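Protein chains: 2
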Amino acid sequence: MAQASVKENEVDIVIGAIHPDLTSFMNEWRSVFSRFHLIIVKDPDLKEELKIPDGFDVDVYTKSDIDRVVGSSSSISFSGYSCRYFGFLVSRKKYVISIDDDCVPAQDSTGNFVDAVAQHIFNLTTPATPFFFNTLYDPYRKGADFVRGYPFSLRSGVACALSCGLWLNLADYDAPTQALKPGERNARYVDAVLTIPTRAMMPMSGINIAFDREAVGPALFPALRLAAEGKFRWETIEDIWCGMCVKVVCDHLCLGVKSGLPYVWRKDRGDAVESLKKEWEGVKLMEHLVPFFQSVRLPRTATTAEDCVVEMAGTVKQQLGPTDPVFTRAAEAMVEWIRIWKAVGLGSPGK
Amino acid sequence: MAQASVKENEVDIVIGAIHPDLTSFMNEWRSVFSRFHLIIVKDPDLKEELKIPDGFDVDVYTKSDIDRVVGSSSSISFSGYSCRYFGFLVSRKKYVISIDDDCVPAQDSTGNFVDAVAQHIFNLTTPATPFFFNTLYDPYRKGADFVRGYPFSLRSGVACALSCGLWLNLADYDAPTQALKPGERNARYVDAVLTIPTRAMMPMSGINIAFDREAVGPALFPALRLAAEGKFRWETIEDIWCGMCVKVVCDHLCLGVKSGLPYVWRKDRGDAVESLKKEWEGVKLMEHLVPFFQSVRLPRTATTAEDCVVEMAGTVKQQLGPTDPVFTRAAEAMVEWIRIWKAVGLGSPGK
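From first to last, the protein sequence lines stand for chains A and B. Heads up, the numbering used here is the position in the first sequence plus 314, with the first residue counted as 1. Heads up, the numbering used here is the position in the second sequence plus 314, with the first residue counted as 1.
Calculated directly from the structure, the hints in this document are not laboratory data. For clarity, every value in this text was computed on a predicted model and none was experimentally measured. Among the clues, some could well be false.
Pairs count within a copy or across copies, as identical chains cannot be separated in the list.
Below are the DSS-like pairs computed for lysine-lysine, each with C-alpha atoms no more than 25 Å apart in a straight line [to be verified]:
id, residue 1, residue 2
1, Lys-456, Lys-581
2, Lys-408, Lys-495
3, Lys-495, Lys-321
4, Lys-495, Lys-456
5, Lys-365, Lys-377
6, Lys-591, Lys-365
All chains should be built: construct the whole structure from the sequences, respecting the hints.
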């Protein structure tokens, strides 16, 4: 991987603390995280004190910070995995990287530890190629290029706004699949990054992502909340909803989305069979969501991520609202998010 | 890789013989090729006798066979790399696999030789997922599945009609890139197969492909011929044109196209700098081609690959014809191909 020319003070690493004891998590990431400013947002449902080891440049936000900045009467909830979005809101950096607190550095196929942050920054600072698929994967990687037949006019690509990393060990399945294959682990390290083509939709997982906050920050929000949302990834789809919103925004603004490297290692936890007792609400909602996001188009007058989100919220309310009240609430949360985003952008985050 | 349940007599391996001495090529592939029926089509420009080692079930076709079946006055040329398409025409099998005669079996990342035929058959006989991108790559592979958020209604996928393999060592660059990076070799084995999303275009390379002949055979033809087309891959785009036609046909008929495994090992040959002295005709044409294929839509009345090709030929002539006579000739070749395909389908190939 070529070295990207990003200054360390242009990056925030945002961690949503779902678990109180971050000692082992932070120590395993120490050589990477200690070079950057960290934003840790404590899940407002978490009662215990956070344990954070020394030696990091870190700001911690808790429920009282959230209430102060956002107000407690908001239509947005920052509970559980959604707490990280508060970190996206108060960050002042160009790039944000966010990794789940049950993930540690992975090893590549030669046994070397992966610097996930460096790879995300590389993905975000090299162009994306959404308008034609390069069969040889990322053409900007050292030792790679565009394959024969790739139009020269498209070889400069477009700016990349979102980098979706992957995970080894515990695969990111939904509750039914995880329950059906409790012993299945992802052991295959696929050494590639690719641009998701324009107009193609994918399910973004929030486990391991990075984005250009200046370009698409307003489009990363916790809007879709399941009635029985839990503290395991397979009990949430807030990131999937958000990912499809960002993809639509990127397609509209001619920005790129990449998927693939870097990997992180997900530690085992949770009982998927127990999660199955909850309603399969997320699985059902996806059947409405995907056709919607595949067909939604934004007006030319929407020229910023803020504009796009507000436009999309209107369409969500109108087209999806009648099928399920969860979508009406999501639309309201999207409008509210943009209001808060603008307000926070004008003020000081207070840290 | 799971074993696909395809009988060996459902498969033809088609080799276009650009080089007269196939001894080393066939011997390196012996353990794979000896299980299948082979169709070798000798480049009609080749003067020397073919050398083919014993021990294979092979039918060889030469210029006289081509003249007999197609007629010498055809608007289609089977010279050079295009000779293989004659093999696609006379095959009677459901699946066709075609590999360039300068490629030998590759090794995977653990040093085992890759059975490219088995992988192609696996790709073609497991579903493709063009309507939503699975970030964990091929969900039908052993040890893999659909990622959280993937709609259950799309998990049965669609039939896969085309499998595009990749290559190690000599990367498949165009002449300018190859000349600029004469020493660059592709050493990275990416252990993945993915479905190219619907409506996304990619440059198919004919080096290492397989397809369902019953489904899309009529859409694999040599139509676009450069004025100075040579005997090196970087001097041709006949496969790129053909690949975009097949992709449009697959998208229209709701069939899938996969890219990735299997790899083959491409031996070094040729002088790219010498090729640069020829006009950059292919590179220029791609600038017209790509927007055309990205926007072309077929009528609902086109329900077979034959229908689709004839419809597309009309649009090529009308929309691209005025920009360059090479496109008018391509449109004529496409119509002619369908005429021949139907005629050959009714008769006997004579072997």
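Verification of the supplied hints:
1. Proximity of Lys-456 and Lys-581 under a CA criterion of 25 Å is satisfied inter-copy only: 21 Å between copies versus 31 Å inside one chain copy.
2. Neither within a single protomer nor between protomers do Lys-408 and Lys-495 lie at most 25 Å apart by alpha-carbon distance, with minima of 40 Å and 34 Å respectively.
3. With identical chains, the CA atoms of Lys-495 and Lys-321 are never at most 25 Å apart, being 43 Å at best within one copy and 31 Å at best between copies.
4. Taking the shortest Cα distances, Lys-495 and Lys-456 sit within 25 Å of each other only across copies (12 Å), while inside one copy they are farther apart (37 Å).
5. Only within a single protomer do Lys-365 and Lys-377 lie at most 25 Å apart by alpha-carbon distance; the minimum there is 16 Å, versus 78 Å between protomers.
6. Neither within a single protomer nor between protomers do Lys-591 and Lys-365 lie at most 25 Å apart by alpha-carbon distance, with minima of 32 Å and 67 Å respectively.
In terms of the numbered hints stated before, the structure departs from hints 2, 3 and 6, listed from lowest to highest.
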